[in-house]
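*Asks:* Listed below, chain by chain, are the residues.
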Amino acid sequence: MLGCNERVGKMSDPQLPWMSDEAIGAIRRDMIKFARLQLRDATMAEDVVQEALVAALANGQEFAGRSALKTWVFAILRNKIVDLIRLQSRTTNVSALAPDEESLDQSFETLFKGNDHWRPEDRPTNWGDPEEALRQQRFWDVFDACLKHLPENTARVFMMREFLEFETAEVCRELRITVSNCNVILHRARNGLRRCLEKNWFLGGQQAC
Amino acid sequence: MLSCKDVTRKLSESLDRELTLAERLQLEMHLAMCQGCRNFKKQMGFLRLVCRRYMAGKTSSDSDT
Chain B
1 MLGCNERVGK
11 MSDPQLPWMS
21 DEAIGAIRRD
31 MIKFARLQLR
41 DATMAEDVVQ
51 EALVAALANG
61 QEFAGRSALK
71 TWVFAILRNK
81 IVDLIRLQSR
91 TTNVSALAPD
101 EESLDQSFET
111 LFKGNDHWRP
121 EDRPTNWGDP
131 EEALRQQRFW
141 DVFDACLKHL
151 PENTARVFMM
161 REFLEFETAE
171 VCRELRITVS
181 NCNVILHRAR
191 NGLRRCLEKN
201 WFLGGQQAC
Chain A
1 MLSCKDVTRK
11 LSESLDRELT
21 LAERLQLEMH
31 LAMCQGCRNF
41 KKQMGFLRLV
51 CRRYMAGKTS
61 SDSDT
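From first to last, the protein sequence lines are chains B and A.
With the working numbering, letter number 34 in the first sequence gets 34, and the count goes up by one each step, no holes.
With the working numbering, letter number 62 in the second sequence gets 62, and the count goes up by one each step, no holes.
Bound-form chain B, shown alone (with noise of 0.2 Å):
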């Protein structure tokens, strides 16, 4: 029985038209893509993908269009990765300093002088309006690069606090670090992409001063 969805129920085929397979591809995609630079392993990926999907369809829930899908299943997605991570951080320890971390931390050491101030060749240039780079694809490789080349637990501690967009207290308590480490894992990490961006997108050509 239909109940109240009569919307639906009046079409011969109840498959609605942004459910085709190659709607749900896309997102499909789009997600497998969001969790492997989350999880940093492709099979992991793959199957919270897979299972994001199956819980999200199965649900029967009506959707209003095709970003209203991608919002659900992605809000699925977000919940299922935040478990993994629970559970990785019982078997990583996230405040060990791996050696590509130390790296990156030397290398903002040379950025300065004895005292502590910028190199004049190091000083973080004038990016200009840099939202028209919003609106090219190019930005947004250049962007997708540089948080691959971030260390991973560098790169796991970022992207929860700015794409799952926990309280920096919340990454604290779930990777089980103190709040000074988690400061300094964000600073290494936004540093780090600020100038993999830098060097890859604002001083790469793309714009003249």
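No wet-lab data here; the hints were simulated from the structure.
Please note that a few of the clues may not be correct.
Unchecked claim - Dumping the calculated BS3-like pairs for lysine-lysine here, alpha-carbon to alpha-carbon at most 27 Å:
#	chain 1	residue 1	chain 2	residue 2
1	A	LYS5	B	LYS113
2	B	LYS80	B	LYS148
3	A	LYS41	B	LYS199
4	B	LYS199	A	LYS42
5	B	LYS33	A	LYS10
6	A	LYS41	B	LYS113
7	A	LYS5	A	LYS42
8	B	LYS148	A	LYS10
Fit chain A to the supplied structure of chain B, relying on the hints for placement.
*Replies:* Leaving out everything else, chain A in the frame of chain B:
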């Protein structure tokens, strides 16, 4: 007096918690004199914007017609 290195840390933290009045004053004093750190501050703001758009692009209507 804060060094540029200190300022980068404070600016990063300002994205995660509200700075105290004393911290804000110290920051402002430094920023008034330091173009490099002013640029750094703008870059941090831009980075946050990029992340918001990144997620919005993933979860919203960009490909709807």
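*Asks:* The structure should be examined with respect to each hint, and the outcome stated for every one.
*Replies:* Going down the list of hints, with the structure as the test:
| no. | hint | verdict |
| --- | --- | --- |
| 1 | A:LYS5 <-> B:LYS113 | holds (10 Å) |
| 2 | B:LYS80 <-> B:LYS148 | holds (21 Å) |
| 3 | A:LYS41 <-> B:LYS199 | holds (17 Å) |
| 4 | B:LYS199 <-> A:LYS42 | holds (16 Å) |
| 5 | B:LYS33 <-> A:LYS10 | violated (32 Å) |
| 6 | A:LYS41 <-> B:LYS113 | holds (19 Å) |
| 7 | A:LYS5 <-> A:LYS42 | holds (16 Å) |
| 8 | B:LYS148 <-> A:LYS10 | holds (25 Å) |
When each numbered hint is compared with the structure, a violation occurs for hint 5 only.
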